[in-house]
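Asker: Listed below are the residues making up each chain.
Protein chains: 2
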Amino acid sequence: MRILLQFPEGLKQKALEHAKSLESEGNEVFISSSPTYGACDLALDEARSIGADKLVHFGHAEFNKVDFNVEYVEYQADAPLSLLEGSLAHLKGFKVIGLVTTIQHVHQLDGIRSFYERNGKSVVIGKPYGFAKKPGQILGCDVGSAATIDRKVEAHVYFGGGIFHPLGALLATTKPFLAIEPFANKVEFIDALRGTYLKRSRGKVLASLGARSFGIIVSTKNGQHNMDLALLLKRRL
Amino acid sequence: MRILLQFPEGLKQKALEHAKSLESEGNEVFISSSPTYGACDLALDEARSIGADKLVHFGHAEFNKVDFNVEYVEYQADAPLSLLEGSLAHLKGFKVIGLVTTIQHVHQLDGIRSFYERNGKSVVIGKPYGFAKKPGQILGCDVGSAATIDRKVEAHVYFGGGIFHPLGALLATTKPFLAIEPFANKVEFIDALRGTYLKRSRGKVLASLGARSFGIIVSTKNGQHNMDLALLLKRRL
Numbered sequence: 069m070r071i072l073l074q075f076p077e078g079l080k081q082k083a084l085e086h087a088k089s090l091e092s093e094g095n096e097v098f099i100s101s102s103p104t105y106g107a108c109d110l111a112l113d114e115a116r117s118i119g120a121d122k123l124v125h126f127g128h129a130e131f132n133k134v135d136f137n138v139e140y141v142e143y144q145a146d147a148p149l150s151l152l153e154g155s156l157a158h159l160k161g162f163k164v165i166g167l168v169t170t171i172q173h174v175h176q177l178d179g180i181r182s183f184y185e186r187n188g189k190s191v192v193i194g195k196p197y198g199f200a201k202k203p204g205q206i207l208g209c210d211v212g213s214a215a216t217i218d219r220k221v222e223a224h225v226y227f228g229g230g231i232f233h234p235l236g237a238l239l240a241t242t243k244p245f246l247a248i249e250p251f252a253n254k255v256e257f258i259d260a261l262r263g264t265y266l267k268r269s270r271g272k273v274l275a276s277l278g279a280r281s282f283g284i285i286v287s288t289k290n291g292q293h294n295m296d297l298a299l300l301l302k303r304r305l
Numbered sequence: 069m070r071i072l073l074q075f076p077e078g079l080k081q082k083a084l085e086h087a088k089s090l091e092s093e094g095n096e097v098f099i100s101s102s103p104t105y106g107a108c109d110l111a112l113d114e115a116r117s118i119g120a121d122k123l124v125h126f127g128h129a130e131f132n133k134v135d136f137n138v139e140y141v142e143y144q145a146d147a148p149l150s151l152l153e154g155s156l157a158h159l160k161g162f163k164v165i166g167l168v169t170t171i172q173h174v175h176q177l178d179g180i181r182s183f184y185e186r187n188g189k190s191v192v193i194g195k196p197y198g199f200a201k202k203p204g205q206i207l208g209c210d211v212g213s214a215a216t217i218d219r220k221v222e223a224h225v226y227f228g229g230g231i232f233h234p235l236g237a238l239l240a241t242t243k244p245f246l247a248i249e250p251f252a253n254k255v256e257f258i259d260a261l262r263g264t265y266l267k268r269s270r271g272k273v274l275a276s277l278g279a280r281s282f283g284i285i286v287s288t289k290n291g292q293h294n295m296d297l298a299l300l301l302k303r304r305l
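Protein sequence lines, in the order shown, are assigned to chains A and B. Under this note's numbering, the first residue of the first sequence carries the number 69, and numbering increases by one thereafter. Under this note's numbering, the first residue of the second sequence carries the number 69, and numbering increases by one thereafter.
It is possible that some hints are incorrect.
Pairs involving identical chains hold if they fit within one copy or between any two copies, as the list cannot separate such chains.
[Unchecked claim] With a straight-line Cα cutoff of 30 Å, these simulated DSBU-like cross-link-like pairs (lysine-lysine) come out:
1. K289 to K122
2. K82 to K289
3. K289 to K243
4. K302 to K122
5. K80 to K302
6. K80 to K272
7. K133 to K289
8. K254 to K195
Rather than coming from a laboratory, the hints here were simulated on the basis of the structure.
Pulled out of the complex, with its shape left as it was, chain A reads as follows:
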């Protein structure tokens, strides 16, 4: 079988190992060198171009059905929980907290919930809204796990790497928002970013008021391709 392997940047160092293992089973293995930023960003064109029988996509959960043989291999990272202790000082004033994370750490949610419950918190974990698959999981395009519990909690806690995921959840909520980044060894409230990003976004809208032409960008990433919406926007402009 001819197989194309696709990895997010952070997992590419594991590519050769996986390739060797699949080759030893008699497959012909290729590794995609392009970056990928999510399950919506499958290397389908590359897979078709090399005549692959299957695309194995690492690091993200299945997102939407596509017209190709895709196997998703989720990646679980066991992040150290040592920052939780220190986060209690930040959360002192809050009794009911919401908890969100990315797919890599969803398997750690139970442990994190127990920790906070042992320390007197009431923990709420929301359901994903559209594309995410698991309770407490957020995606760039699905922050429902945070948004749907906003009224029920006094503060939100994000556990995981980077600002991309919590930022979406932050903008979709109104309560204090604590980000715990286990690999960057950082615990901080990121509420101030709400104002920054809203201002920036409004600034862009204002700046566009004098524009004489507008462009509508249509992504060709399989999970971001929305031609109907693009054509609707064009008619409305």
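Fit chain B to the given chain A structure using the hints.
Answerer: The following block gives chain B in isolation, referenced to the frame of chain A:
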């Protein structure tokens, strides 16, 4: 008809103009925002992804047949010929010169040839070897117009922009090589680059001698996709 327009970076500023004209004829027009680096680099995946009936590719001549409705629109740029006069001093010692250029200036070759002939030179214009279409034309992957006349001339003259095209021709020839860049207002012998690039290339080969793994890169650009060669290399490694 749904049409995707594709432009090299330098021609993108003309995109809206072409789009409007085609729209006024009742077409639905999209503009590719990706860069393209030659006729071998067609936005076929994008065209298929948006369900286009046709891809109009500007700035390059037809290269190889593809399984899609592609219209090539060549782009002719009238570069100023004012540098020719000054180039005569550089070419003083050479009676027979070869002349090469890119597709944008091929239509200017006759004028350039006449200029040199009026000034006592004998001008040789070679045939393209593989992918280029016109006498005197060079491509990144076809410098035959220069290589095939190397024995007949005392010096080569490249007329056009950038170093990418003449570099290939330079490495495939042995005679003095004058580059006339009309837009950068530069006339210079680039012979010294021969040694630089050969050394760099040999250095890379030397550096690889201790490598434990080798990667074979398979391009998915339509005109650079050579799976058979990649598989052959893999077996030989």
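Asker: For K82 and K289, with the copy left unspecified, which applies at a CA distance of at most 30 Å: within, between, both, or neither?
Answerer: For K82 and K289, the Cα distance is within 30 Å both inside one copy (24 Å) and across copies (26 Å).
Asker: Taking 30 Å as the upper bound on the Cα-Cα distance, should K80 and K302 be classified as within, between, both, or neither?
Answerer: Answer is between; shortest inter-copy Cα gap is 21 Å, intra-copy 39 Å.
Asker: At most 30 Å between C-alpha atoms: does K289 with K243 qualify within a copy, between copies, both, or neither?
Answerer: For K289 and K243, neither the intra-copy (33 Å) nor the inter-copy (48 Å) Cα distance is at most 30 Å.
Asker: Classify it for me, K289 with K122: is the Cα-Cα distance of at most 30 Å met within a copy, between copies, both or neither?
Answerer: both (18 Å within a copy, 20 Å between copies)
Asker: Between the shortest in-copy and the shortest cross-copy C-alpha distance, which are at most 30 Å for K133 and K289: within, between, both, or neither?
Answerer: Both: 13 Å inside a copy, 26 Å across copies.
Asker: With identical chains treated as interchangeable, where does the CA-CA distance between K80 and K272 reach 30 Å or less: within a copy, between copies, both, or neither?
Answerer: Cα proximity of K80 and K272: across copies only (23 Å, versus 35 Å in one copy).
Asker: Taking 30 Å as the upper bound on the Cα-Cα distance, should K302 and K122 be classified as within, between, both, or neither?
Answerer: Cα proximity of K302 and K122: across copies only (20 Å, versus 36 Å in one copy).
Asker: Quick one: K254 to K195, C-alpha cut-off 30 Å, is that within a copy, between copies, both, or neither?
Answerer: within (26 Å within a copy, 64 Å between copies)
Of the numbered hints listed earlier, the single one contradicted by the structure is hint 3.
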